[in-house]
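These protein sequence lines map, in sequence, to chains A and B.
Mapped onto full-length UniProt numbering, the consecutive letters of the first sequence carry residue numbers 1 to 505.
Mapped onto full-length UniProt numbering, the consecutive letters of the second sequence carry residue numbers 1 to 590.
Derived from the structure by calculation, the hints contain no laboratory data.
Values in this document were obtained by computation on a predicted structure and should not be read as measured data.
All residues carry an ideal CB built from backbone N, CA and C; glycine is no exception.
Some but not every residue of chain A turned toward chain B, in silico, with C-beta under 8 angstroms:
#1 E287
#2 K311
#3 G380
#4 L383
#5 V481
Below, computed lysine-lysine pairings styled on BS3-like, alpha-carbon distance capped at 25 angstroms:
#6 K315(A) to K155(B)
#7 K59(A) to K150(A)
#8 K485(B) to K321(A)
#9 K489(B) to K315(A)
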Amino acid sequence: MADTGLLESLLRLLEKVDGGTDSQDVAADLGVDHQVIVGAVKSLQALGEVISTEQKSSKHWELTGEGREIAEQGSHEARVFNAIPDEGLPQNELMKMPSGKVGFSKAMSNKWIRLDKAHEGGPRVFKTVETIEDTVRDKLQLVQKGQSAKLEDKEKNELKKRKLLSEVTVKSYWITKGSSFSTTITKQETELTPEMIASGSWKEKNFKPYNFEAMGVAPDCGHLHPLMKVRTQFRQIFLEMGFTEMPTNNFIESSFWNFDSLFQPQQHPARDQHDTFFISDPALAHEFPQDYMERVKKVHSEGGYGSQGYKYDWKIEEAQKNLLRTHTTAVSARMLYKLAQQKFTPVKYFSIDRVFRNETLDATHLAEFHQIEGVVADYGLTLGNLMGVLHQFFTKLGITKLRFKPAYNPYTEPSMEVFSYHEGLKKWVEVGNSGVFRPEMLLPMGLPEGVSVIAWGLSLERPTMIKYGINNIRELVGHKVNLQMVYDSPIFQKPPKNKTEEASN
Amino acid sequence: MPTVSVKRDLLFEALGQKYTDEEFDELCFEFGLELDEITSEKEILSREQGDEKAAGASDVVLYKIDVPANRYDLLCLEGLVRGLQVFKEKLEAPRYKRVSPADGGEPQRLVITEETASVRPHAVAAVLRNISFTQERYESFIELQEKLHQNICRKRTLVAIGTHDLDTISGPFTYTAKPPGDIRFKPLNQSKEYTAAELMSHYKTDSHLRHYLHIIENEPLYPIIYDSNGIVLSMPPIINGDHSKISLNTKNIFIECTATDLTKAKITLDMIVTMFSEYCDEPFTVEEAEVVYPDGRLCVYPELAYRTETLSGDFINKRVGINESAESIAQLLTRMCLRSEVSGEGDLIQVEIPPMRADVIHACDIMEDAAIAHGFNNIVRSTPRTYTVANQLPLNKLTELLRQDLAAAGFTEALTFALCSQEDIADKLRKNIVETRAVHISNPKTAEFQVVRTSLLPGLLKTLAANRKMPLPLKLFEISDVVLKDETKDVGARNNRRLCAVYYNKSPGFEVIHGLLDRVMQLLDVKPGRNQGYHIQAAEDSTFFPGRCAEIFSCGKSIGHLGVLHPDVISRFELTMPCSAIDIDIEPFL
Numbered sequence: 001m002a003d004t005g006l007l008e009s010l011l012r013l014l015e016k017v018d019g020g021t022d023s024q025d026v027a028a029d030l031g032v033d034h035q036v037i038v039g040a041v042k043s044l045q046a047l048g049e050v051i052s053t054e055q056k057s058s059k060h061w062e063l064t065g066e067g068r069e070i071a072e073q074g075s076h077e078a079r080v081f082n083a084i085p086d087e088g089l090p091q092n093e094l095m096k097m098p099s100g101k102v103g104f105s106k107a108m109s110n111k112w113i114r115l116d117k118a119h120e121g122g123p124r125v126f127k128t129v130e131t132i133e134d135t136v137r138d139k140l141q142l143v144q145k146g147q148s149a150k151l152e153d154k155e156k157n158e159l160k161k162r163k164l165l166s167e168v169t170v171k172s173y174w175i176t177k178g179s180s181f182s183t184t185i186t187k188q189e190t191e192l193t194p195e196m197i198a199s200g201s202w203k204e205k206n207f208k209p210y211n212f213e214a215m216g217v218a219p220d221c222g223h224l225h226p227l228m229k230v231r232t233q234f235r236q237i238f239l240e241m242g243f244t245e246m247p248t249n250n251f252i253e254s255s256f257w258n259f260d261s262l263f264q265p266q267q268h269p270a271r272d273q274h275d276t277f278f279i280s281d282p283a284l285a286h287e288f289p290q291d292y293m294e295r296v297k298k299v300h301s302e303g304g305y306g307s308q309g310y311k312y313d314w315k316i317e318e319a320q321k322n323l324l325r326t327h328t329t330a331v332s333a334r335m336l337y338k339l340a341q342q343k344f345t346p347v348k349y350f351s352i353d354r355v356f357r358n359e360t361l362d363a364t365h366l367a368e369f370h371q372i373e374g375v376v377a378d379y380g381l382t383l384g385n386l387m388g389v390l391h392q393f394f395t396k397l398g399i400t401k402l403r404f405k406p407a408y409n410p411y412t413e414p415s416m417e418v419f420s421y422h423e424g425l426k427k428w429v430e431v432g433n434s435g436v437f438r439p440e441m442l443l444p445m446g447l448p449e450g451v452s453v454i455a456w457g458l459s460l461e462r463p464t465m466i467k468y469g470i471n472n473i474r475e476l477v478g479h480k481v482n483l484q485m486v487y488d489s490p491i492f493q494k495p496p497k498n499k500t501e502e503a504s505n
Numbered sequence: 001m002p003t004v005s006v007k008r009d010l011l012f013e014a015l016g017q018k019y020t021d022e023e024f025d026e027l028c029f030e031f032g033l034e035l036d037e038i039t040s041e042k043e044i045l046s047r048e049q050g051d052e053k054a055a056g057a058s059d060v061v062l063y064k065i066d067v068p069a070n071r072y073d074l075l076c077l078e079g080l081v082r083g084l085q086v087f088k089e090k091l092e093a094p095r096y097k098r099v100s101p102a103d104g105g106e107p108q109r110l111v112i113t114e115e116t117a118s119v120r121p122h123a124v125a126a127v128l129r130n131i132s133f134t135q136e137r138y139e140s141f142i143e144l145q146e147k148l149h150q151n152i153c154r155k156r157t158l159v160a161i162g163t164h165d166l167d168t169i170s171g172p173f174t175y176t177a178k179p180p181g182d183i184r185f186k187p188l189n190q191s192k193e194y195t196a197a198e199l200m201s202h203y204k205t206d207s208h209l210r211h212y213l214h215i216i217e218n219e220p221l222y223p224i225i226y227d228s229n230g231i232v233l234s235m236p237p238i239i240n241g242d243h244s245k246i247s248l249n250t251k252n253i254f255i256e257c258t259a260t261d262l263t264k265a266k267i268t269l270d271m272i273v274t275m276f277s278e279y280c281d282e283p284f285t286v287e288e289a290e291v292v293y294p295d296g297r298l299c300v301y302p303e304l305a306y307r308t309e310t311l312s313g314d315f316i317n318k319r320v321g322i323n324e325s326a327e328s329i330a331q332l333l334t335r336m337c338l339r340s341e342v343s344g345e346g347d348l349i350q351v352e353i354p355p356m357r358a359d360v361i362h363a364c365d366i367m368e369d370a371a372i373a374h375g376f377n378n379i380v381r382s383t384p385r386t387y388t389v390a391n392q393l394p395l396n397k398l399t400e401l402l403r404q405d406l407a408a409a410g411f412t413e414a415l416t417f418a419l420c421s422q423e424d425i426a427d428k429l430r431k432n433i434v435e436t437r438a439v440h441i442s443n444p445k446t447a448e449f450q451v452v453r454t455s456l457l458p459g460l461l462k463t464l465a466a467n468r469k470m471p472l473p474l475k476l477f478e479i480s481d482v483v484l485k486d487e488t489k490d491v492g493a494r495n496n497r498r499l500c501a502v503y504y505n506k507s508p509g510f511e512v513i514h515g516l517l518d519r520v521m522q523l524l525d526v527k528p529g530r531n532q533g534y535h536i537q538a539a540e541d542s543t544f545f546p547g548r549c550a551e552i553f554s555c556g557k558s559i560g561h562l563g564v565l566h567p568d569v570i571s572r573f574e575l576t577m578p579c580s581a582i583d584i585d586i587e588p589f590l
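With the rest of the complex left out, here is chain A:
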């Protein structure tokens, strides 16, 4: 804050004038630099409505440092001319003068002096005229007196080119009395202090108003990854619905649990090298539940449990091959087998974890992604039940308009693709896959005949990309993530309204 004395001088000056005054005039009147007055104006502005101001800007010409020197001592060429006595001066001596070089060439071109190169004792410079008129100095002196208007633009520009003049813009204020004008200053407090609270002095003080337009200071904090925030919400939804989490912490799986146990035939294209990552070390799995494996072999190669089977030569060598699991359904199979080994009780299972595909990568596909899976096993579950559970699940995500399309999946029958109506795109978009596990999968495990198992799955990445408006999956998952995006990403409550749809009722 500028000192109070200056502020009050300014206010008294303002009191006397009608219609206001310019800050430059104030500076001249009070005999202080204009910048000091600008500071005083700002201090007064901060006090509220004491004064009101309007910013103005004006341009004027000013001498440069060199320009001021010339205005005082004459131009370089004049100084050179004046330094030469009637008998002339050796050129090398002339060049030693501060103005020597510039002045010499200018004086030569003005034809004020001449150079006698052949003079004995070296080149010598002589005056050619008696008197000169130093117009450069005259012009600069005009500017110095504030009479630059008397010069033509061309002249000013030429002096500007010689770096003797410069055009400066001056920002000044037009100051008028404010609505609460007063010639005395009451200092405003910026913040409440412990001392004010202790002494009660806050009661008498004026406090400077806050600028509520400004942003706050960013808190110093860490951040959770947006995909993991969405994972937390999906976990929450499953837990709210009474689903128990499956142990999916086994990325390496045998072909047996990943495919054979799911009644996926050994020639299925998903088991191709082009689709699945196989493991070279450790290449093979050992230890399978022997009886169960025999039943799996039989249902594939010969059928049984009311099935025709696939009628091909099932090979254990194929089932032993280790791979990176292509779906978490491999874990569901292990869990259902385990369940079948006990007295049956209904279960609801879920998992959200990584799966791996040796696929062609693009903006929305990576070699690894997170699969969300839900499974319900109980007596007498129907396709209508599956639709009902899906309806509840998606309602918790804010998606209520669902419809189902018949589809094909080797281990579920019936199989349904789940579509939701996208208000933004004005069309139905696929949001997940679902189905009822085939008896050829469940019965060899030893589950009771009347038990149905319904299941569904979706990717975690897709809803997350929609939520955060990310088009390239690499900006979300993996090391190429933009940390600023992580810092700035909001919490995941529900997908934004316009991206799903309005509640139907």
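Keeping the supplied structure of chain A fixed, place chain B upon it in accordance with the hints.
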């Protein structure tokens, strides 16, 4: 999922009805198909090769329809139309019949010799008599073979189809296998004869056929089919002979399918003949052919087998969640080409599965068809009464709790890939790959997928490298799984849940990372101390700067390391500032 491309107007003509795109899309949805794209040859060409090339192409509207992978009977216009017409009850499903040659003639015969055993041991055959092709039918016939080759035939590895103008060849036919040098014939659409060996190198550059060469390339004997005059019909699974090629004018077609999987060969043959016998003088009849095996066994094809399953209306109602009479369920199934009748005994329904519905292998497949015909979206959605209590996986619960508090401690969560290069987990961390106990991938397409990570550190360091422009310090963490070989597991490997964090700044900040350890231990309720608590102790680890690394012990057990990273590690990850890190196993805290 296979995509079938059909001309829209031709499709509507065959369906006897015009649809708007929306109406047809709706019909597809209901039936389990997907109208994937509406386009034209011109549009496809212009997109793939530019407007100039597309200038003269046809702008007839094409529908590209996605067909479920097990519905081989919907892979051509004929099958699609038949399926939809029966579904809409505009047509009764035809009955396919195998017939003997007219006038008491001998059936065509294909004799398999024992040489085929090592390379492609199975073959089936059939004859389509007096067929009438048009340009469209002919194209559809060729296209169906291609679709079958790509799908059920698994790119010709399991089954390869050859179709021949029967009037240009004479049986009996011999299916044998010979050394490639001994095979010589003029292949389809070529002007001269080649030996099999020459052919294989000739097709090396063929954009279509080169994908099938590997199937027999390294075999000592190649499969080959001759007629009784030594004319080559085909060299499966690569190419047919030119001599017997079919044309628009072909009247009688000999179809052979050679295979490594007999079941699939039979299905493939059934598909072709059920789809195209429609165009025979006597529609939906197929003339039988005999196949003689090396052991003298004689089989007659095509099988065209109808199978009957009996199930109850109650079963369907209970599984689908509907309440329909047996009669109406029988009607629903008939609309799916599964001719069904109520048997009269209770609510039992006799369901006949026709030869082209090879996808129906269990009562649950029949149940699904009933649900489709009923309309998935007409089924009442109901909540199952299954009562269960939810449990979190303890490991994931711990992870969730720690993640929250690590973020509260000022660290930002990274999410890095589980797959990486060998270099990432070994050389760049100054470790020997053998000591990492890493699981190796046998078929990675790039170096990025050589191994499963054994440490979270490389991923975090790569995240730092990608974010070098962000203001310092950078503080990152990740709690996720690494994978280590483990003999005691059935698959020989196990996941290990780890917590890793890095601090990247102008100064190493060991004290920051050390402070994070103290905070984590506080959260885990482990007090500092030698025996029942945690402590750290100077250690040497090649990833860390000498003298700046400590091993972390909790209750006397080593759980990880912390320290200042070795400058070589920093520069190998393209970083320039000092960095300290902590890496611990969190499973002991469960």
